[in-house]
Amino acid sequence: MATALTRKDFVSDQEVRWCPGCGDYAILAQVQKTMPEFGIEPHNVVFISGIGCSSRFPYYMKTYGFHTIHGRAPAIATGLKVTRPDLDVWVITGDGDGLSIGGNHLIHVLRRNVDLKILLFNNRIYGLTKGQYSPTSEVGKITKSTPAGSVDFPFNPITVALGAHATFVSRTIDVEQKHLGETLKRAHQHRGASFIEILQNCNIFNDAAFNDVSDKGIKADHQLVLEHGKSLIFGKNRDKGIRMNGMRPEVVTLGQGGVSETDLVVHDETNLALAFMLANFDAPLPTPVGVFYATSRPTYDGAMNQQLADAKAKQGAGDLEELLKRGDTWTVN
Amino acid sequence: MAVPPEAAGQAADSQGQRDSGGVRKALQRRERVVIRFVGDSGDGMQLTGMQFTTESALAGNDIATLPDFPAEIRAPAGTLAGVSGFQLNFASNQIFTAGDEPDVLVAMNPAALKANLDDVPANAVIIVDREAFTEANLKRAGYSSNPLTDHSLDKYQVIEVDVTKLTTLAVKGLGLNNRAVFRSRNMFVLGLLSWLYQRPTQSTIQYLETKFKKTPDVLEANLRVFKAGFNYGETTELFTSSYSVPAAQIQTGLYRNITGNTATALGFVAAAVKSGRPLFLGSYPITPASDVLHELAGFKNFPIYTFQAEDEIAGAASAIGAAFGGAIAITTTSGPGMNLKAEAVGLAVKTELPMVITDIQRAGPSTGMPTKPEQADLLISMYGRHGESPIAIIAASTPADCFECAYEAVRIAVKYMTPVILLTDGQLANGAEPWLLPSVDSLPPINVEFRTDPNGFLPYSRDEKTLARPWAIPGTPGLEHRLGGITGENLTGNISYSPANHELMIRTRARKIACITQEIPPTEAFGEPTGGDLVVLGWGSTFGPIREAVKQVREKGKKVSHIHLRYLNPLPKDLAETLRKFKTVLVAEMNMGQLLKLIRADYLIDAVGFNKIQGRPFKVSELVNRINRTLEA
Chain A
780 MATALTRKDF
790 VSDQEVRWCP
800 GCGDYAILAQ
810 VQKTMPEFGI
820 EPHNVVFISG
830 IGCSSRFPYY
840 MKTYGFHTIH
850 GRAPAIATGL
860 KVTRPDLDVW
870 VITGDGDGLS
880 IGGNHLIHVL
890 RRNVDLKILL
900 FNNRIYGLTK
910 GQYSPTSEVG
920 KITKSTPAGS
930 VDFPFNPITV
940 ALGAHATFVS
950 RTIDVEQKHL
960 GETLKRAHQH
970 RGASFIEILQ
980 NCNIFNDAAF
990 NDVSDKGIKA
1000 DHQLVLEHGK
1010 SLIFGKNRDK
1020 GIRMNGMRPE
1030 VVTLGQGGVS
1040 ETDLVVHDET
1050 NLALAFMLAN
1060 FDAPLPTPVG
1070 VFYATSRPTY
1080 DGAMNQQLAD
1090 AKAKQGAGDL
1100 EELLKRGDTW
1110 TVN
Chain B
90 MAVPPEAAGQ
100 AADSQGQRDS
110 GGVRKALQRR
120 ERVVIRFVGD
130 SGDGMQLTGM
140 QFTTESALAG
150 NDIATLPDFP
160 AEIRAPAGTL
170 AGVSGFQLNF
180 ASNQIFTAGD
190 EPDVLVAMNP
200 AALKANLDDV
210 PANAVIIVDR
220 EAFTEANLKR
230 AGYSSNPLTD
240 HSLDKYQVIE
250 VDVTKLTTLA
260 VKGLGLNNRA
270 VFRSRNMFVL
280 GLLSWLYQRP
290 TQSTIQYLET
300 KFKKTPDVLE
310 ANLRVFKAGF
320 NYGETTELFT
330 SSYSVPAAQI
340 QTGLYRNITG
350 NTATALGFVA
360 AAVKSGRPLF
370 LGSYPITPAS
380 DVLHELAGFK
390 NFPIYTFQAE
400 DEIAGAASAI
410 GAAFGGAIAI
420 TTTSGPGMNL
430 KAEAVGLAVK
440 TELPMVITDI
450 QRAGPSTGMP
460 TKPEQADLLI
470 SMYGRHGESP
480 IAIIAASTPA
490 DCFECAYEAV
500 RIAVKYMTPV
510 ILLTDGQLAN
520 GAEPWLLPSV
530 DSLPPINVEF
540 RTDPNGFLPY
550 SRDEKTLARP
560 WAIPGTPGLE
570 HRLGGITGEN
580 LTGNISYSPA
590 NHELMIRTRA
600 RKIACITQEI
610 PPTEAFGEPT
620 GGDLVVLGWG
630 STFGPIREAV
640 KQVREKGKKV
650 SHIHLRYLNP
660 LPKDLAETLR
670 KFKTVLVAEM
680 NMGQLLKLIR
690 ADYLIDAVGF
700 NKIQGRPFKV
710 SELVNRINRT
720 LEA
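So the protein sequences, as listed, match chains A and B. Here the first sequence is numbered in my numbering, starting from 780 and rising by one per residue. Here the second sequence is numbered in my numbering, starting from 90 and rising by one per residue.
I should point out that these hints are in silico values taken from the structure, not numbers from a laboratory. Among the hints, a few may not be true.
What the hints assert, rightly or not - Here are the simulated DSS-like cross-link-like pairs (lysine-lysine), alpha carbons at most 27 Å apart as the crow flies:
1) A:K1104 x B:K686
2) B:K686 x B:K670
3) B:K670 x A:K1091
4) A:K1104 x B:K670
5) A:K1104 x B:K302
All figures in this text were calculated on a predicted structure; none of them were measured in a lab.
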């Protein structure tokens, strides 16, 4: 690399066309800011998206990009990454794209552990089609398609990813620029399918959906930042913690009733059971953000390319002439 | 069908080639024989048929086969639903089909007999395992009395053999359990038929030695049973003579026996090797296409990537991703999968990425009859995507032709930067014929040139002659660009909602597909190249029966011709003009008239259709009758 990469190397010449105030701007800005730190030149980076507001993302990156069809980005990215393991491949999806129409591809790409960085923008609403409820909308959500309130129970993207045995599962928030950047870096370091749920505000159709964890005034009491090896502490005054009461987690206040930090749960990214428990936190428990789970497992693309390399080492490079003549042959004179 | 000799007219050398020293009985000569092996799906009839086919190929016969198996993997034993069959036509002259009706039916149980008897002509030979005609088996097959004793088979030559008992005796002392003994009955039948038609047996012995290398007792049992069957034919008085079917006169060269699915797989491998690019197959298992996935999964060292996707959509989508990255990208499926892949194929049309969608057609709609062939996916291939979405379509006409068509599909796809649909069907997929092996050097070149020069690079600039856009793959410095399904501006591909631009792009892609006509050789009419009373127009697996039927009516002096299409979209430039030389155009298809519709619509030619939608190929006799009726009308 002749000169160090900068943010500008990742900004395309296309005008960004999300609604003013959309959380997607913040995510785009942070991705463009973080990419140079990876030291990978733009021509070796590919962004692949499906359909939805978030899926416009690739047009704004000055890398290779592919805005594909609804829900199928993980499958398209799999075909690319398997045959081109040299490329840095990112998938951009949303709650509708990734969990509704493309739910099948998402769980399979996660279980296979294809080496892709998957950013799921979760705004809990269909924005591009103008405001129907999504598979992550809460029960009772009143939208254009559910005037009496939705009756279906939502998906939790983190438990879906953990259920698929994803090897890297994390959550961050559009407006938490520093945390978002750090999460992107962690995800990029990981070898395998890295899943990031980004809580993203749709100010047009579902404004303030994540206010409790993003509003500066109240977020400290609702947001639990996960850090590997550290106690689960949160709150404006850093005085609240998570303690196990038998098999159930509960919120306790440090210093009250003799509670000290040693009583609290210590986060362990390698503990799948703990990750599931954290993923299921619901009020009055805080909303965890950060890395829920990270483990190492062979990647699909790596294993497949290894099989090809092994076959070549064992049988030699393919010989077409020989292949055609396999089986019972006979000569007609 | 084998390739006929360049120079005809050599006298047939009938019996001289065979060592008949050990044959004491009379040896009668036959020009062609059709045998159908039928039994329970667990009786090994497919394997028996394939081995007999190999023996016949090695004997120098021309051959054509038609397997017929149930969709159920193991239907209840002895029932009509579980009957599996394999028909083989072997001949000392050129043949085009597996035969309309069997000369010999080998039935392993009453259900197999009952399910096939309607196809057997009077005086044909029926060989049965007498012991399988038990009361219980007769009842399962729905017989109220035993056909072996109630004279209902009097118009046939029925030969009753105690296959089970003789098999048991042959393996006596080897300590095999009853199930293992029962399972080797098919080898007795194969041995017996091998004697009856004086087949060379070495290939079967070698096959068994390889298959049972690790289980010497099972190998010994199979070899003994196979030989017992052969010797039984020689010694029993049931047969007064055996038959020879001399070698056919076919073009010289090295041959192998090949099924359509294997040929398809090899065609893709060959194309990838010639292009110098890796092959990627994204596929979801479906009958009858899965064998292409199985074949390619074994050739990893070429290199070939096979991705068993989570569904049909991901099969196509992953191929698109691989194409974007510069691989030779394939997806394989059958009817229902075509519906599911449609949106992804539309994306490949819009983004102009090369890939081959292989549809091994089966009887539909919906699940239909998964193991039976049909040709009813032509119009979904043409039009089965939303929007104006033109695509190239190529159809294979014989099992071996699948090799050339798979190869050609890749060649067209990368040359024109377009998805190509390759149509075969269940009959081609599982049917087999001798294949004259091509030399690798003789295959047409497939030139893949990726764009590398950033100067003046535009993702949708076009080659003047082909209108293909550049293949600019990720990893190339300076060519970063974004593809997408949204209508793109001409040249740049940037999102555009300009009305005029939208129409321009649609017309440009249509013109590009039309350009492919420059790849199509002149249309050849077999029969009367300059025109005549009637031409039968066909495509796909109907080649064999149409060609045979046309030959037969021509032998009666009728001015009938045959045109068979490989390129279905675009159609050959000279097709309309060629068809107009004939008074009548008869389009024979295994559908309700899909090519017929295109011909009538595109050319305003008043063609007529002959259609069969039974999950079975045309019989030659059906075509001959129809041709004659049309000529008389």
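Evaluated hints:
1. A:K1104 x B:K686: 41 Å, violated
2. B:K686 x B:K670: The given pair, whose Cα atoms are some 19 Å apart, holds under the 27 Å limit.
3. B:K670 x A:K1091: Violated, because 55 Å separates the two Cα atoms, which is more than 27 Å.
4. A:K1104 x B:K670: 43 Å, violated
5. A:K1104 x B:K302: 22 Å, holds
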